[in-house]
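Novice: Kindly generate the complete structure, drawing on both the sequences and the hints.
The opening position of the sequence shown corresponds to residue 0 in numbering that gives the first Met the number 0, with each subsequent residue numbered one higher.
If you are wondering where the hints come from, they were derived from the structure by calculation, not from laboratory data.
Treat the hints with care, as some may be off.
Calculated cross-link-like contacts (lysine-lysine; reagent style BS3-like; alpha-carbon spacing at most 25 angstroms) [claimed, not checked]: (1) Lys-37 to Lys-127; (2) Lys-180 to Lys-37; (3) Lys-333 to Lys-655.
As the structure is a computational prediction, the values presented were derived from the model and not from experiment.
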Amino acid sequence: MVDYHAANNQYSSGGAQTYMEQENDWDRDLLLDPAWEKQQRKTFTAWCNSHLRKAGTQIENIEEDFRDGLKLMLLLEVISGERLPKPERGKMRVHKINNVNKALDFIASKGVKLVSIGAEEIVDGNAKMTLGMIWTIILRFAIQDISVEETSAKEGLLLWCQRKTAPYKNVNVQNFHISWKDGLAFNALIHRHRPELIDYDKLRKDDPVTNLNNAFEVAEKYLDIPKMLDAEDIVNTARPDEKAIMTYVSSFYHAFSGAQKAETAANRICKVLAVNQENEHLMQDYESLASALLEWIRRTIPWLENRNPEKTMSEMQQKLEDFRDYRRVHKPPKVQEKCQLEINFNTLQTKLRLGGRPAFMPSEGHMVADINRAWHTLEGAEKGYEEWLLNEIRRLERLDHLAEKFRQKASIHESWTDGKEAMLTQKDYETATLSEVKALLRKHQAFESDLAAHQDRMEQIAAIAQELNELDYYDSPSVNARCQKICDQWDCLGALTQSRRESLQKTEKVLESIDELYLEYAKRAAPFNNWMESAMEDLQDMFIVHNIEEIQSLIHAHEQFKSTLPDANREREAIQAFHSEVQKIAQHNGIKLSGINPYTTITPQSIDSKWEQAQQLVPQRDQALQEELRKQQSHDNLRRNFAEQANVVGPWIQNKMEEIGTISIEMIGTLEDQLTNLKEYERSIVDYKPNIEQLEGVHQHIQEALIFDNVYTAYSMEHIRVGWEQLLTTIARTINEIENQILTRDAKGISQEELYEYRASFNHFDKDHSGALMAEEFKACLISLGYDVENDKQGDAEFARIMGIVDPNNTGTVTFQAFIDFMSRETTDTDTADQVIASFKILAADKNFITADELRRELPPDQAEYCIARMAPYTGPDAVPGALDYMSFSTALYGESDL
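Specialist: The following block contains the structure:
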C-alpha cells in the first residue's frame, strides 16, 4: 500500500493545509453513522457524474467504477483542465494499481496531503477509502478556492451562504448539517440569485420534504446542478452529513458565482463602451462646430479687408451701416459659439483624463489655438475696417467741402474776369483827348491794382484744385479743366494788361490833362471795392467745424469783422464825398461831365449796392454761425451723455472682472453651491446687457453725427465691447471650471473636504492670484503635501515626472484643474485596459477570442453591435470562423493602439 501521508511536506502552511487537517477524521465519522455513508455515497456519485458527463461517461457504483483508475484519471482531467500521464489499458491488478497511483500522484502534486489512502485499497473497492479520496478531491477542486473576505474553504463557503440567505425569514445558516434540514436555506440561495424560479413566500418551515424537493428539482432543471440527495435522506437523519451538504452547496456556489462574474464583466464593458461612445459624440460635435466657426471667419475676413472706396458720402454711410449690422446682429452669436466651443473642448478633455483615455487631438487647423488665431485675425481686420470707414467718411466730407469752395471761388473769379479781355484789347486811346488818355492810363493803373488784388484768389483756386487732386476727388478731371482754363485766362489777362500799359505810356507825353479828383476817387474806391468783395466772399464762405471751440473762434472772428464796419462806412462816405465834390465843382464851373469816371468803372452806385449786400449778409452769417453753435452744443451733449454712461459701465465691467477673479479663488460652500452662485452671478451680468445696448444706441447717434472725439471719457465703445465680451467669456469659463471640478470629484470619489484642502493649498502658493502656479510655486505646494521633490537628483527626477503629467505642453504653469486631476489620480483608481481584457475573457469562457453571438448574449444590443463593428478578426492558432480579437480592441480604448 502506498502511503501519501508525507507525499507533499512542502505544503505546510496556508488555508489548504488547515482545511485538510480539519477533515482528517473523515473515516471515524463514517464509522459512527452508517446513514452518513449512504448520504456521502449518493452525493459524491452525483458530484462525480456532473463532471464526467462533460467527457461523455458516468459511474454507477462509486467504489467499483474507480477500481481500474481510468475514470478516476478522467475525472481529474475534467475538473482540473490538465492532462494526466497516459493510463495503462491492461486488465491486470498491477495495471490498475499503476493507474490509481498516477491519479493519487496528481492529487498530491496539487498540495493535498492524503492520509492512509493507498492505491491497493481503491483497487480492492474499499468504500471508506474511496469516499475519503473523493471527498479530498471535492475539497481541493470545488471548495478550496472559495474565498470571502479573506476566509477560505469551509469558512468562506459558510460565510457566503450566511450573507446570501440573511434577508430571508426562518433561515439561519450556522453549519452544514442542521441548518439545511428544513430546505429553506436551499430555496433562499436559489431565490436570491434567480427570484423568478421560486415563490419563496409560499414555502412553509413545517414542510421540509416539499421544500427540499422543490429546491433540488429547480436546481437540476434550471441550474444544471444534479440531484445529489433525496429529501428523505436529510429529513430522516438527526444530523445530515456535513460533507454531503458542503458538496451540494458548493455546486450552488459555483453555479451562481460564474453568472455573477459574467454579469460583472458585462457591466464593466458596458460602462467602458458607454463612456467611449459619449466621448466620440463630443469629438464629432466639436469638429462640426469648429468647422462652421472657421468657415464663417474665412468668409467674413475678405469682406472686412475690402478697401474699395465709394465716390459719394451716402454710399460710404451705407457701408458704415452694414458694418454696424455686422457688429450688432452677426458677430454676437459667433462670440457665443466660440465660447461654447472652448467649454466643450475643456469638458471633453476632462472626461478623457478622468476615464484614463488619451487626450482629444482635433483635426489639423481645428485646435482651440487655431480658432483663437483666426478670431484674432478677424478682430484685427474688423478694427482696421472701422478705422478705414471713418477715415474715408472724413475724406469725402473734406472733399465735398473743398469742391464746393472751389466752385464758389471759381465762379466769383470768372464773374470778375468776364469782359476784361475785351476791355484790354480796345483801341479807345487812339481817338481820345489828352485828358481822356491820362484818364485811361490811370484807369489802367487802377485795373492793375485790382488785378494784383485778385492774385491771392487765383492762388487759392489753384491750391484747392491741387488738394482735390491729392485727395483723389472723383470729379478731379472737371476741376482740373476748369482750373486750367482760369489759369490760361489769367496769363492772357497779364499779357494784355502789360501791352495796354505800354500803349498808354506812349501817348502819355501828349496827354497831360488829368482829373486828380477822379483819380483820387478811383484809387480809394478800388481797394475799398476789393475789400467789400472780399468781405462778401468771406461772409458767404462755407465753414466746417468739429467742436464748440472752433465755432466760437469763427464767431469771435465774425464779431471782430463787424467791429470794423463803422470805419468801413466812414471810408465809404469819404469815397462818396470825392464823387460829390466832382459834381459840385463841375456844376460850379459849368463843366458838362460825361457821367463816367474816366479812371475807374467803380461807380458810387456799385459801392452803395455792394455795401447794402454786405449789410444783408452780416445777419445771415450771424444766423449760420449760431445754428452751427447749437449743432456743436448738441454734439457736446451727445458726448457728455455717452461719457456719463460709459464712465459707469466701464468701471462696472472692471469691478465684475475683479469679483469673478476673487470668486474663483475663494471657497465658499460646496461646489454645487459655488456653481449655483456663479450661475446666478452670470444671470445678473446678462441682466446688465440692456445698459450695454443703451450705450450702443447713444454711440450710434454719435457716429451718425460724425463725432470722432470725446474729451469727457477715456472709454470708447470698442473698449466697452471688448470688456463685455471678456466678462461673458470669463464667467462662462469659471462656471466650466467648477463643473469640471464636480466631474472630477464624482468620478474620482473625492470628498468636499479634500477639494477644499486642494484649493487652500493651491491658493496659498498662488501669490499673484493668477489662477496658475509657476514651476517653483508648484514644487513648494508638493513639498507641503508630503511629496519628496527636494533639490536633489532623485527629487528633481520625481518633480520632472509630475510636471510631465500636469503640464504636458511645457507652458511652465500648472492650472488648478490639472492640479486636481493629478491629486485625484494619485488617490483613486480607474478602469484599465487589463481589467477590460479580463472582463472580455470571462465572457469568452477563457478563450483568447470572442464570437458575435457571445457578445449579443452578454451585452445590450447597441453596445454589442458597437464592439462587433470595431473588433478585428482574431488570427491566432486557435481561431474559429467568426472569431473576434477583443484584446486589441480593449487596448485601443485606452490609446495603446489604433482602433
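Novice: Hey, Lys-333 versus Lys-655, does the alpha-carbon distance stay inside 25 angstroms?
Specialist: Roughly 23 angstroms between the alpha carbons, so the hint for Lys-333 and Lys-655 holds.
Novice: Checking one constraint from the list: CA of Lys-180 to CA of Lys-37, max 25 angstroms. Satisfied?
Specialist: Satisfied, since the Cα-Cα distance of roughly 16 angstroms is no more than 25 angstroms.
Novice: Given the hinted pair Lys-37 and Lys-127, is their alpha-carbon gap at most 25 angstroms?
Specialist: holds (11 angstroms)
The structure agrees with every numbered hint stated previously.
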